[in-house]
Amino acid sequence: MQAQTLVQMKHVRKEFPGVTALSDMSFDIRAGEVHVLLGENGAGKSTLMKILSGVHKPTSGSVVIDGKEYKSLTPHDANRLGIRVIYQELSVIPTLSIRENLFVGRLPVKKRAFFHTVDYGEMQRRAEGLLEKVGLHRDARTPVEDLSISEKQQVEIAKALAVDSRVIIMDEPTASLTHEEVRHLFAVIRALKAQGRGIVFISHKLPEIMEIGDRVTVLKDGANVGTKQIADVTADDLVTMMVGRQIRKNYQNESAPDGFEQEEVLFEVKGLSRRDGKARDVSFRLHKGEILGFAGLVGAGRSELMDAVFGAAPKQSGQILLHGKEIRTKSPYQAIRNGLAMVTENRRETGFFHNFDIKQNISLLPFVKTARGGGTLGLIDRRFEKRCAEQQRKALRIKCASVNQPVTELSGGNQQKVILGRWLAAQSEILIFDEPTKGIDVGSKAEIYALMRELADSGKGVLVVSSELPELLAVCDTIAVYREGEIVRVFPHSAATEENIVLAAAAGDTE
Amino acid sequence: MKGERNMASKERAKEKLTFNTLWQRFGTFGILILLLAILAVARPGHFFSVSTVTQILAQSSVNILIALGEFFAILIAGIDLSVGSVVALTGMVTAQLMVAGVHPLLSLVLGVLLGGVLGLINGVLVNRTGLHPFIITLGTQAILRGVTLIISNSSAVFGFPASFTRTISVNVFGLVPLVAIIALLTAVVLSFLTRQTKLGRNIYALGGNREAAWYAGINVKLHTLIVFMISGLCAGLAGVVLLGRVGSAEPAAATGFETYAIAAAIIGGTSFFGGKGKIFGVVIGGFIIGVINFGMNLLSLPSTLQQVVMGALIIGSVALDRFVANKK
Numbered sequence: 119m120q121a122q123t124l125v126q127m128k129h130v131r132k133e134f135p136g137v138t139a140l141s142d143m144s145f146d147i148r149a150g151e152v153h154v155l156l157g158e159n160g161a162g163k164s165t166l167m168k169i170l171s172g173v174h175k176p177t178s179g180s181v182v183i184d185g186k187e188y189k190s191l192t193p194h195d196a197n198r199l200g201i202r203v204i205y206q207e208l209s210v211i212p213t214l215s216i217r218e219n220l221f222v223g224r225l226p227v228k229k230r231a232f233f234h235t236v237d238y239g240e241m242q243r244r245a246e247g248l249l250e251k252v253g254l255h256r257d258a259r260t261p262v263e264d265l266s267i268s269e270k271q272q273v274e275i276a277k278a279l280a281v282d283s284r285v286i287i288m289d290e291p292t293a294s295l296t297h298e299e300v301r302h303l304f305a306v307i308r309a310l311k312a313q314g315r316g317i318v319f320i321s322h323k324l325p326e327i328m329e330i331g332d333r334v335t336v337l338k339d340g341a342n343v344g345t346k347q348i349a350d351v352t353a354d355d356l357v358t359m360m361v362g363r364q365i366r367k368n369y370q371n372e373s374a375p376d377g378f379e380q381e382e383v384l385f386e387v388k389g390l391s392r393r394d395g396k397a398r399d400v401s402f403r404l405h406k407g408e409i410l411g412f413a414g415l416v417g418a419g420r421s422e423l424m425d426a427v428f429g430a431a432p433k434q435s436g437q438i439l440l441h442g443k444e445i446r447t448k449s450p451y452q453a454i455r456n457g458l459a460m461v462t463e464n465r466r467e468t469g470f471f472h473n474f475d476i477k478q479n480i481s482l483l484p485f486v487k488t489a490r491g492g493g494t495l496g497l498i499d500r501r502f503e504k505r506c507a508e509q510q511r512k513a514l515r516i517k518c519a520s521v522n523q524p525v526t527e528l529s530g531g532n533q534q535k536v537i538l539g540r541w542l543a544a545q546s547e548i549l550i551f552d553e554p555t556k557g558i559d560v561g562s563k564a565e566i567y568a569l570m571r572e573l574a575d576s577g578k579g580v581l582v583v584s585s586e587l588p589e590l591l592a593v594c595d596t597i598a599v600y601r602e603g604e605i606v607r608v609f610p611h612s613a614a615t616e617e618n619i620v621l622a623a624a625a626g627d628t629e
Numbered sequence: 014m015k016g017e018r019n020m021a022s023k024e025r026a027k028e029k030l031t032f033n034t035l036w037q038r039f040g041t042f043g044i045l046i047l048l049l050a051i052l053a054v055a056r057p058g059h060f061f062s063v064s065t066v067t068q069i070l071a072q073s074s075v076n077i078l079i080a081l082g083e084f085f086a087i088l089i090a091g092i093d094l095s096v097g098s099v100v101a102l103t104g105m106v107t108a109q110l111m112v113a114g115v116h117p118l119l120s121l122v123l124g125v126l127l128g129g130v131l132g133l134i135n136g137v138l139v140n141r142t143g144l145h146p147f148i149i150t151l152g153t154q155a156i157l158r159g160v161t162l163i164i165s166n167s168s169a170v171f172g173f174p175a176s177f178t179r180t181i182s183v184n185v186f187g188l189v190p191l192v193a194i195i196a197l198l199t200a201v202v203l204s205f206l207t208r209q210t211k212l213g214r215n216i217y218a219l220g221g222n223r224e225a226a227w228y229a230g231i232n233v234k235l236h237t238l239i240v241f242m243i244s245g246l247c248a249g250l251a252g253v254v255l256l257g258r259v260g261s262a263e264p265a266a267a268t269g270f271e272t273y274a275i276a277a278a279i280i281g282g283t284s285f286f287g288g289k290g291k292i293f294g295v296v297i298g299g300f301i302i303g304v305i306n307f308g309m310n311l312l313s314l315p316s317t318l319q320q321v322v323m324g325a326l327i328i329g330s331v332a333l334d335r336f337v338a339n340k341k
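Protein sequence lines, in the order shown, are assigned to chains F and C.
Just so we're aligned, residue 119 is where the first sequence starts under the numbering used here, counting upward by one.
Just so we're aligned, residue 14 is where the second sequence starts under the numbering used here, counting upward by one.
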């Protein structure tokens, strides 16, 4: 006997201006199952979630719930029909108590003579019942900000149960949990299953998927490339399905020679650790002419590793060597003086200065670097400033009306070039790129890749952190796979494929 | 395609020239002219006299000096609420030094330096606690006022050499008050610092984007320290100038002056969100405050109404600033 189907998606298509997020997506969720959704970044998972929760309207196709067909859902529909999404960025309100979070917007009330008041007794009683169901042993009056991440997640699940959700979609719920907390979450998920609810579980971690899932659907380029019983597949099968039959060769850099071991070591990190465990005894070498990439899942700690290398975050231990000589990087200032540079992940927050024009953004670093005329109290050399900016504008092909234009008027790709220009003007030797093409259009991406190659060829060291595998495969000579604060595998370009990188990054606990 | 995009950005640049930059350059100046015109029309007999110019200059000087320091605190997206208390304390200490027989010139220098030290303390507290300057300087505002009351036994100090008061209150060529020259010289020095030095550029960077400044290797804490020290030094200078003009050190002197300083900086076009503003604008802002005060007296309006006008001006100019920012 087959379990009852709770939700069925039929040929759903979703187009955004310029992109098709879902091309033809069909899949169903049954009562009492854990249905895993697997796919690379950009495969369409979040669009799918947003259609089910009523945030987005499908372009075509339909969703069938309780035998009734819907062309599109509103958030209100999703709520009423018992569909609940638990996003990675939890939506609990930290300053309120657990019980207030559970009933926010629908507090139980008592009728008085002229007005209603909150019925705290009723609220407490119902909250305790819900917390019992999700196994959270906390006083319901505790402020949510005092809870750990996994406890907050339990509150989210309890919130879903408070409205008696029958389908609960969890977006990478284990991304920031410890091993113990994952065990606990799985126990809760099994309990929900037993109550006949349908769970959609989104994760990249294959061992977890194999353990908790009943069925798995693999998404690729906005379509379902196969739904299987977990019992019938291996982790390798899943990776092959996810990456696709045809591996995209077109980006690959064919001239890249392997065997950088013979080259001079430009930059080296030895035994670097962070107190928070985002880097645990990490060592790597960068050779002359080599571009070294860091692959890994979101939350693996790659950005944190680079922050520690660059001195933007404290190190617990570890050495940093440039040309075989140890350098100190206790602050970005020291790191920069010693020849390091970092193009950060968020241009807006940590990259450019919105109140400066292009030339001021480019020429800022030489000023801090005291490259000219006596320290902080030195004077600004306007001719040098202008020359510096014009030079970078030409070298990096920055498209702008003039270097006096505000940097905020440029496109993302050109803003990124301005930041890169700043580091080049400072004559940095080692350039760290953290997600260098985030939010940048395809044409500019190719240009930035070409620039990175030029830099490496001219003798600069280039390190790249990226969550886009095709990007790493396109620009890197060597790819290190980072997982839970450690480099777990290093692939030379000739041996690197999407499959083996995904497998290494997602292998999770291999006890 | 490319040509189109270029054209579009040029057009946008032109649009901004007509509205945004115009306000930023001349908006404040316009307010000042408008206020002066109102006075000239209302009291033509009194207004067109040499003493009017002298009085406005003298009255504005203390405001301008305090506002110049406040400008830096606001430029880094902070604030300094303690300036009024710093003025009172430095004035009080300078007066007591002179009464105790210390040479007036040395007392003056020590008073100004004391202001710098008090600013430094603000900076250290901000850096060490990581709290917003609003909280720190709200605290030191009360503490320093308290210290002033304690060391003065809650009573005014006078009886220091008349030469001091006379010198401070002198009018050069019988026309330009010395204090105005001091204020304008300070403005010139600080304007040079903001426009021509790396220190100034770094402070603007810090105000525009604190995180990016850290990643760009700017010593955030050192620059925060310097900013509060400049604010303290300016307030110290204002304290000494006020002492000379008033002729006695009052423990309640300069109460609420931080409001005028903030108003002058904001009316002068300094962005409350940090990173934007010019010394020239602050000077004009300081003059506007001075003209309002002077004009109210000239029109024999109750001094209580001054507060109302000041408040309305603050809201109006900041709202306009926000409007311009959104327009972009």
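Keep in mind that the hints were calculated from the coordinates and are not lab data.
Note that the Cβ used here is the ideal one computed from N, Cα and C, for glycine as well.
Watch out, some of these pointers could steer you wrong.
[What the hints assert, rightly or not] Okay, the calculated beta carbon distance ranges per label pair:
1. F:T526 - C:V130: 37 to 43 Å
2. C:T67 - F:S529: 53 to 59 Å
3. F:Q434 - C:K234: 55 to 61 Å
4. F:D237 - C:A155: 41 to 47 Å
[Claimed, not checked] Quick list of in silico lysine-lysine cross-link-like pairs, BS3-like style, CA-CA up to 27 Å:
5. F:K433 - C:K234
6. C:K234 - F:K517
7. C:K234 - F:K311
Hint-by-hint comparison with the structure:
A hinted range of 37 to 43 Å holds for the C-beta pair T526 (chain F) and V130 (chain C), which are about 39 Å apart. Distance hint for T67 (chain C) and S529 (chain F): a CB-CB separation of about 55 Å, consistent with the stated range 53 to 59 Å. Q434 (chain F) and K234 (chain C) have their C-beta atoms about 22 Å apart, which leaves the hinted 55 to 61 Å range violated. The supplied range of 41 to 47 Å is met by D237 (chain F) and A155 (chain C), whose beta-carbon atoms lie about 44 Å from each other.
Restraint check for K433 (chain F) and K234 (chain C): satisfied, since their Cα atoms lie roughly 20 Å apart, inside the 27 Å limit. About 35 Å separates the Cα atoms of K234 (chain C) and K517 (chain F), which puts this hinted pair outside 27 Å; it is violated. The suggested pairing of K234 (chain C) with K311 (chain F) is violated, with an alpha-carbon distance near 54 Å, which exceeds 27 Å.
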